[in-house]
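Chemist: Please take these sequences and the hints and turn them into a complete structure.
Residue numbers (this note's numbering), protein chains in the order written: chain A, 5 to 114; chain B, 5 to 114.
A few of these clues could be false.
[As the list claims (entries may be wrong)] With a Cα cut of at most 20 Å, we get these calculated EDC-like pairs of lysine to aspartate or glutamate:
id, chain 1, residue 1, chain 2, residue 2
1, B, K66, B, E82
2, A, K71, A, D40
3, A, K51, A, E82
4, B, K51, A, D10
5, A, K71, A, D10
6, A, K51, B, E76
[As the list claims (entries may be wrong)] Only some residues are given here: those of chain B computed to face chain A with a beta carbon under 10 Å:
id, residue
7, T11
8, L16
9, S26
10, A47
11, L75
It is worth saying that the hints were derived from the structure and are not from the lab. Virtual Cβ for every residue (Gly too), placed ideally from N, Cα, C.
Protein chains: 2
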Amino acid sequence: MKQDLDTVFAALADPTRRAILSMLLEDDMAVTDVADPFEMSLAAISKHLTILANAGLITQEKRGRVKWCKLEPDALREASIWMQSFGQFEAINLDAFEAFLEREFGPDAG
Amino acid sequence: MKQDLDTVFAALADPTRRAILSMLLEDDMAVTDVADPFEMSLAAISKHLTILANAGLITQEKRGRVKWCKLEPDALREASIWMQSFGQFEAINLDAFEAFLEREFGPDAG
DNA sequence: CCCATATTCAACCAAACGGTTGACGATTGC
DNA sequence: GCAATCGTCAACCGTTTGGTTGAATATGGG
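Modeler: Quick look at the structure:
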């Protein structure tokens, strides 16, 4: 929703929320299913999801009684570009990034 | 110092601290000079600098009675790569990033 | 030596954060 | 219709955050 750097970085500063984002890379998920692997209450996860949604990192759509959570990678772009503007003073980590993608997702991913 | 994702993202989540990093892009600075443009106490800025240093985003070196602050863009790399790993699921992030660099820093920058 | 400069420390404060619990409002299915 | 499921709300709690102020600790210069 808001998607300014403050809320995006603050949202990313919590390991639970980053784990949630990683889970949503795989597929869209219901709130209950997101909460399942964590050892904390459903209400706590619900709050984390609200924070992620406010940062624009996910969207939530209610179908029936199930609320589906979907990753929105676009929200990371502004923050990512902001960060890269610092890294480039070291002559670019594009190489490191591409190597990471290759290693992480296989030669066909890029 | 610590440089894990938690502390790096938390450090970046504050606009004062991001402004400080931008200032340090230009040049190394003394604590007093960093504090100058801000409408808050020197002690507050000193705390912000400690947080940035703990995240590994800057280093501080004391020469005489002046403590010099220096940007450490390397600390952003891990966090940046983490973020890019999400963006790539849209398959255009690299292009957008390269276009940004070109636009921002000229054809020779990459 | 003394004073000014540079920076941090310590105590304090209000507000935000991350979690809990229990009650509540929708929705679904038997 | 009724019970179970899905998810949020509200109140509460302890800790962290971001700021203040005033005192303290170096260090440098005349």
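Chemist: Which of the numbered hints are not met once you compare them with the structure shown?
Modeler: Violated: hints 1, 3, 5, 6, 10.
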